Amino acid sequence: MRGWAPGGALATNVEITTTNVQRGDVIQVGGQPCRVVDLFQLPGGAKRLLFESGELLTMHRRTRLIAMRMQRKW
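The sequence shown begins at 3 in the numbering used here and counts up one residue at a time.
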């Protein structure tokens, strides 16, 4: 699904894993959108995500989530 976002960006839903999660991804957790502002590599291929709200989420190697990713249209 693609949606319109202000500023000429396209919002695309993507499946994310620890190998492709990026800063700026918006993940819905408990019905609230949370934007990833930092990532920390953990042992065993896991990653810890830091959200704008200050909350942390640990993604294990096999975790799969759906995120909204903003893509600039040039």
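Hint data in this document are derived by calculation from the structure and do not stem from the laboratory. Bear in mind the structure is a predicted one, so any value in this text is a computation, not a measurement. Do not rely on the hints blindly, as some may be mistaken.
[Said to hold, decoys possible] Cβ pair distances, simulated, as ranges:
(1) P45 to Q73: 15 to 23 angstroms
(2) V16 to A48: 34 to 42 angstroms
(3) G46 to Q73: 24 to 32 angstroms
(4) L41 to Q73: 17 to 25 angstroms
(5) L12 to G46: 16 to 24 angstroms
Idealized CB from N, CA, C, for every residue including glycine.
Do the hints match the structure? See the list:
no.	hint	result
1	P45 to Q73: 15 to 23 angstroms	32 angstroms, violated
2	V16 to A48: 34 to 42 angstroms	20 angstroms, violated
3	G46 to Q73: 24 to 32 angstroms	31 angstroms, holds
4	L41 to Q73: 17 to 25 angstroms	19 angstroms, holds
5	L12 to G46: 16 to 24 angstroms	34 angstroms, violated
The structure fails to meet hints 1, 2 and 5 from the earlier list, while all remaining hints are met.
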